[in-house]
Structures are given as structure tokens and as C-alpha cells.
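Could you put together the complete structure from these sequences and hints?
Residue numbers (this note's numbering): 252 to 1103.
These aren't lab readings, by the way, just hints derived from the structure by calculation.
This one's a predicted model, so the numbers in the text were calculated from it and none came from an experiment.
A few of these clues could be false.
Claimed, not checked - Derived pair list, reagent style SDA-like, types lysine to any residue, alpha-carbon separation capped at 20 Å:
(1) Lys401 - Asn1101
(2) Lys1017 - Asn1101
(3) Lys1067 - Ser1036
(4) Lys885 - Arg895
As the list claims (entries may be wrong) - Derived Cβ-Cβ restraints for the label pairs, each shown as a range:
(5) Gln510 - Asp741: 43 to 53 Å
(6) Glu1008 - Val844: 33 to 43 Å
(7) Pro714 - Gly1025: 26 to 36 Å
(8) Tyr544 - Pro714: 36 to 46 Å
(9) Pro697 - Gln510: 44 to 54 Å
(10) Leu563 - Gly1025: 47 to 57 Å
(11) Asp684 - Thr828: 36 to 46 Å
(12) Asp675 - Arg537: 27 to 37 Å
(13) Thr828 - Pro463: 51 to 61 Å
(14) Thr827 - Ser586: 49 to 59 Å
(15) Asp1052 - Trp486: 19 to 29 Å
(16) Pro463 - Ala715: 41 to 51 Å
(17) Ala549 - Pro463: 13 to 23 Å
(18) Thr980 - Gln929: 12 to 22 Å
Glycine is no exception: its CB is placed at the ideal position from the N, C-alpha and C atoms.
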Amino acid sequence: MNIKQAEAAGPRERVVGIYRQAEKARWVRGLCAGAALLACAPLLIGQGLPVLDAAQRRLALEKLLVVGSALYLGAHPDDENTAMLAYLAQGRKVCTGYLSLTRGDGGQNLIGSEKGDALGVIRTQELLAARRVDGAEQLFTRASDFGFSKTPGETLAVWGKEKTLADVVWVIRSFRPDIIITRFPTTGDGGHGHHTASAMLAVEAFEAAGDPGRFPEQLRWVSPWRPRRLFWNAWVPQGQTRPAEAPELLTVDLGTYDQLLGQAYTELAAQARSMHKSQGFGAPARRGTWPNYLQLLAGEPARADPFEGIDLTWHRIAGGDRVREHLQRALDRLSDEAPSASVASLLSALDQIDRLPSGGPLIDRKRAEVVDAIRSCCGIWLEAVIDRPVVSPGASTKLTVSALKREPIPVVCKRVEVSHVAGDFLADQSLQDNLLAVKEAPIQIPSDLPYTHPFWLNGAAAPASAYFPDYAGRASNPPAFVAKFFLLVDGHEITYERPVLYRWTDPVEGERYREIAVVPKITVNLEAQALIFPRPTERAFRLAARANAENASGSIVIGAADGWRVHPATVPLSFTTSGEEKTIQIRITPPEVESTSELKIELRASRDEPAHSLVEINYAHIPPQTLLPLATSKLVRVDMAAPRSRVGYVMGSGDEIPDVLRQMGFEVTLLSDGDIEQNRLDRFDAIVVGVRAFNTRPRLSALQQQLFDYAASGGTLIVQYNTDRDLVTDRLAPYPLTLSRDRVTDERSPVTLLEPEHPLLTRPLKITAKDFDGWIQERGLYFPSKWDPAFVPLLAMADPDEKETRGALLAAPCGKGVYIYTGLSFFRQLPAGVPGAIRLFANLLSGGRNGG
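Now the structure itself:
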């Protein structure tokens, strides 16, 4: 990317491309793998699963002696208190989980143009990246982030209270926390209906999880569990003081320095918090004492310690004292120079765990920690890789299985079994110190192997039976292939599971790993989410068909309903090599009248099925993610005059509006800071400033006058929404304008045209209330609350039972031209093909002049 392109792209630092090789993070199953192991996990993105270093081993063995757990609960990714999680997981060494009720798919995106499902995938991975830093485990419910909600009642109605409550109860019963901490209060002080609803659900689930009469269908897999106490991680709203009659608080210092970590929990928390890059949550490290407060919401009181009166030792488990003795001996014998000195005691502890009269999640977690501590103290390294990142059912590939041990402990690999693959590997091989044992073999991918796609996107109406118990609570899909290494470690049978990965060498970054994606033999990507027809004339569009296996062949059948015609309707496809692409041109004829339909594509190949698109999301801070949405596009016929306009677009945090404008017939140029600075603007009929540009492009603080001068010379300048925080300048307009946090979240809320005869609402198209039908997620956000009398408010709207706001669309004359500020969420509506939003934006681009 050159300097000009980088400026035009704004702050985005991403490379998005199908099959672009990038970093890989270790897949973590539902078992807590140990705070010390997770503390080193940022390395896992580039290295697979390394052996722990001396400090990490000591932390891991210290954690083995602690038998307890804590659950932190919030509504969204980025709601968690990462310092509290680090304190619990690495300071108190209890198994710690963060339960995010949603995956954040209704939010905004600072680093790219992904929205909705794709943004939820990014934010899920950002949470997992944060957990690899602070040492906690990540959990979810099925609740959707449907955008900002002003009341918990609305939230619970949209989520489905009983369904979401069932999910929270499941997590409590399966995770079995001793204490639960909510991020938000049960009153309206949470600032968001989702926030308050999450705390209300926590209170109800605290009681319900221990009641066998609530959600008894879950008891096939889990048993009732009632935590000892429930806290709110209390705060006082800014500008307020805590009432004297308020409940007593318990204080925890999260700024405590940890000698083994070499930092305080608040410092560690800043690293974890900064993983929420799509939300712009890079955080500075906080040093020094930092008291946090816990207010009891339910359960037994505690005066000095959140775990007061809770036995966090093996003594709480019948027969656990013998386990503790061996684990303590392993810690006492631990040597930085000779970690294998602890292995005998760890193996004895494992034997004792396996003799305990009953298992359960708590013991399962501790057993997993002991098993991994043995691996690290033996210097055992295990790997299973195949020779390509993407495979298709029925295809052939090469599998390489490797094992290595580096400490003087006898280790024998009895065999390695790989899921979906026949046969054993590395059978009966005695591992010699620092000598790599390797086995390569060709394998065939089963023809019925499911495709890779985030499980929570496989159907919003999926029955509970498709969720419980395999996916309930979990953060991500299980790996496509799992290798089980059956080892004899000093005569003790131990099984290790590892995901089968793809490993390659990046010429800049070096050795890298990523998960395997299972995809159809042929995928079809379309030009856009919505195909827009401003006139009733035939238009050509391109499809990109890609082979994901050698010698792939078949055909695609393309169709639409409601008077739309597609030619050709059937296209045969034949490929020789995997990765080969073919561009297919189709012609679509819309009906004469305004209409919407859907372009659907069926794949006829080894199995007949709806065609899938292949989308891969690549950012440096998370592993690459593969999505396989159905290959469909919305078809939109909107009456518009043929525009002659040239539009300059100042990209902000990233959106898809420029592509939509091109479909509407506009000539669009992305503007760099240099273009604006050199005042090369008079060639444009309109300039659009993208979402959050004044939050993310620092140079605009010095360049906004050139934009205002452009409008004054006769141009049309449209500025889209910015947040009221982190503005690079407080001069967003040629006249005073004050942003607020006002928004209208109900996309169905009535809209009043305040100036129905205003040129922007009549030229070239007549805008009516009907143009606000069919909007998605919201009307708009961060509306101005105060503005200069030069501005004319054009629209009024309000959420139910709220005061009307008039700041959604403001226009003011600016010299010979016009300045427009809008908080309407065009960045959502236009890519989704909302007809009325398309019509209104066309009017804004025309500046209220006929003909554009």
C-alpha cells in the first residue's frame, strides 16, 4: 500500500484476501488450561503450542494447588474488567471465565468495513486474544447484539429472556463458579439496555442454576450448582458521590505487583484491553494501587475477601488431600534448570486424581492443568500439520505428525490418531532426547465433513438440540481435525489432543500457523451485498468462481423472482488446479417498477446445495477467520435520474458506501489527505466525509477549512456521523455544531419531515415518510444536540416514549454551496440495499439540485 492509498484508507491496517496466509492462535477447548499457560499465549499465534518458560512453569504449578473458580459476566465484548480477570486468574489463581452474553455484532468497526455477522466474528476473536493475555476463559450465550438498546425490557424481549437465561444457567452449571461478578448494576446506571439486562439475568440465574426444577432438560449433562455469592463490580457514576446509606463494599486492589509476572494486574489488563482494536480500545498501562469495589447482590456476605469462607484447596474434594500432597511436592522440587525433577510428583498427583470417586467439571479442569504441566516439565512438543490451509470434502492432502521431548524422562509415543483419518501414526516410538520423531502420510478428507463456518451463524432459529450440549457456552468452533497423541510418560498413560494446523514460513514474520478451513470444492463470490438498479435497464455483473480442490467441476444455477430476469441461468464450470479462479459475467434485467428481490445461486457438483461465498477476515491481532455465507445478493430497483456527478470520498474508519455510490451511477474517487491539502477538490460535484473520519484521520484537524472552502465555492459537502469522544477537532462544520450521544435505536420509529418542500427532500426525488420503511438496526446515532441558526433541521424522530430529536439531518448554506451533517446510519442502510436510504442519499449528493 503506498502513502496515498494509506491516507485514503484512513487508520485501517488490514490485509483482507481469500487464502491470505496470516497468524494462527491455539484453539482452546472448554477446559481452563491454566493461568500460567495462558499468560504466555500471545506466542501461540505464531508458534503453535510452546513449552512454558521457568516463570510460567512456576505459575502453572502454583495454580495446580488452587481449586476454585470465578465467573465475570457482561453484555458485550469489551465490557469485561480485564484487570479483575487478571487478578482472579493469575493473582488468586482460580479458574476464571468471562461470560459475554453477545458477540458484539451490532456495534461499529474502527479498523475496517465489516459489520453484523463479520464484525461479531472479529470481536469474538478479539475476546479470545484478550483472554490469552489475562489468563481467563471465554464463554458466550446465544443473545444477539441488535444494536444500542435503551431499556432492559426491550433487550430481554429481543433476546428472548427464557432462552438467554437458560444459557446463563448452563454456563453456571457447567463452569461451577464459586463467585460471580457482574460488570453492571441491575438499575439503569449501566448506560445501555443490554448492560442492565445482563445484570438482571445474572441475579435470576444465580438462584435458578441451583434449582433442579429450573431448566431440568439440562440435567442430562450438568447438575445444579449454586455459587456462594454474587457481586457487582461497583462504581459511582461520574460527577456523583456514593450515598451514605449505600451497601457496604468489599475492596480489592487490582494494582498489586506480581513478582513472577513482572507487572501489576492493571498493566497486564492494558495489554488485554488493547486487543479490542475494532472498538478503538487501546489502553494505557495503569501503575500503582487501584482499588476496585464489589457490592454483594446475592448469597453469603463477605467482609474482607471475595472468596471468604470458601475452601480453595484440594481439601474441598473427597480424597483431594492426597492429590494436594503430590502437587505440593512437585512445586517444592521444581527447578528452573531441571524441570523434570517435578515430573514424578505430577504423575503421582495425576494417578490420585484418576482414583477420585467422582469427576465433574472442577476435577476435569484441574486434571487438564496437571496433564499440561507434565508436558511442559518434560519439554514435550507435539504437532500435526497438513500441507494446505484450505481443504474440501473428498480431496487429498499430506499429513505430518511430529513429537519431541527435551528432558531426561522416558517418553514413548504409543500411537497418534487423527479424527476423520484412518490408521495410526508414530506407533510405538520411544522418543530420544531432542530428536524429532516425524511421520508423513497422504490422507483423504471425508466426503461428508462439515464446512467451516462459525457455528452461531448456522441459523438463528436453530433448535436447542443443535446447541446443547456441544456448543453451549463455547466461544468458537472445534477444529476441523484433532490429533490425539497417546503417550507413555515414565510408564504413565497420558493422552494429549492437538488441533491439526497449517504451518508455513512467512518471509517477514517467519514461522506461522493457522487453523484448517473446510470449504466447498467450488465457491462463488458476488460483487456486493446488494445490487442496485437506478433505471429499468439491463446491467452486467460479475461473479468470481473459485476452485478449492484439484479437478473441480460442476455448474451453477442462477435465478431471481418477482419479475427479475437473469442470463445466463446456468453456467458450467471446470477447473484444473486448486485456487484457480474464473470470472463469470451475468446480465440482470430488473422490472420497470421499483422492486426488491434476491439473487440466488445453486451449485450442482458432487452434491447439490446452495452455493457459498468464501470470505476470509485477516487482521494482525487475531487469527484468520473463514466464513461461508450463502452466495446471495439483494436486488434493488430504485427510480433515479441518471447522475452526472463526480464524488470525492474521504474515508473514515471504513465503510462500503463508495461501492454503493458507484452502483448508483456516480463516479467516486477516494481522497487522500494530500488531495485535500493540495486543494484538488473543485473537480467534484460533491464530497462525502465517511463515518468517524473526524475521529480517525488526525490531519483533518488542519484540513477541514479546505473542505469548507470547497463548499463555499459551490460544492456539496456531506459529513457523516462522528462520535463525541476522541475528535481530532471540535470544528466539524463552518458554523457551531455540538455532537451528543443522542440516537434513535428503533429502526421502525416514525420520521417526520420538518421541511417537506426543502430542496434536499424534493430534488431530484420526492422523499416521503415511506422512504423510511425497511431500515435496519437503527435510524442513526450521535446526533448533534446544538447547532447554529444557519442550520435547517430536516427530520424529526424519537424512540418510543422519548423526546423528539431534530439533529439527524442538518443542512446549511455555505457560500455558493451547501454543508450537510447527518447522523443517519447510511453506512448500514446503503450496503444493505434499503431503497429509501438510497433515494435520500442521492438527493443529498445532488445538493438539492435537479439532475444531480
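Quiz item: Okay, proline 714 versus glycine 1025 on CB: inside 26 to 36 Å?
Solution: With Cβ atoms ~29 Å apart, the hint holds.
Quiz item: Should the hint that glutamate 1008 and valine 844 are 33 to 43 Å apart at their CB atoms be regarded as holding?
Solution: 26 Å, violated
Quiz prompt | Hinted pair lysine 885 and arginine 895, Cα distance within 20 Å | solution = It is violated: about 25 Å lies between the C-alpha atoms, which goes past 20 Å.
Practice problem: Could you check the hint for me, namely that aspartate 1052 and tryptophan 486 are 19 to 29 Å apart, CB to CB? | Solution: 27 Å, holds
Quiz item: Okay, proline 697 versus glutamine 510 on CB: inside 44 to 54 Å?
Solution: 51 Å, holds
Practice problem: Take a look at whether the Cβ-Cβ distance between leucine 563 and glycine 1025 falls inside 47 to 57 Å. | Solution: 55 Å, holds
Quiz item: CB of aspartate 675 to CB of arginine 537, is that within 27 to 37 Å?
Solution: 52 Å, violated
Self-check item: Cβ separation of aspartate 684 and threonine 828, checked against the hinted range 36 to 46 Å
Solution: 43 Å, holds
Exercise. Starting from the range 51 to 61 Å, see whether the pair threonine 828 and proline 463 falls in it by beta-carbon distance.
Key: 58 Å, holds
Quiz item: Using the C-beta atoms of proline 463 and alanine 715, is the stated range 41 to 51 Å upheld?
Solution: Violated, at about 18 Å.
Exercise. Assess, step by step, whether the Cα of lysine 401 is no farther than 20 Å from the Cα of asparagine 1101, and give holds or violated.
Key: 40 Å, violated
Quiz item: Between threonine 827 and serine 586, does the C-beta distance stay in 49 to 59 Å?
Solution: Holds, since threonine 827 and serine 586 (Cβ atoms, about 58 Å apart) stay within the stated range.
Violation of the numbered hints given earlier is confined to hints 1, 3, 4, 5, 6, 12 and 16; the remaining hints are satisfied by the structure.
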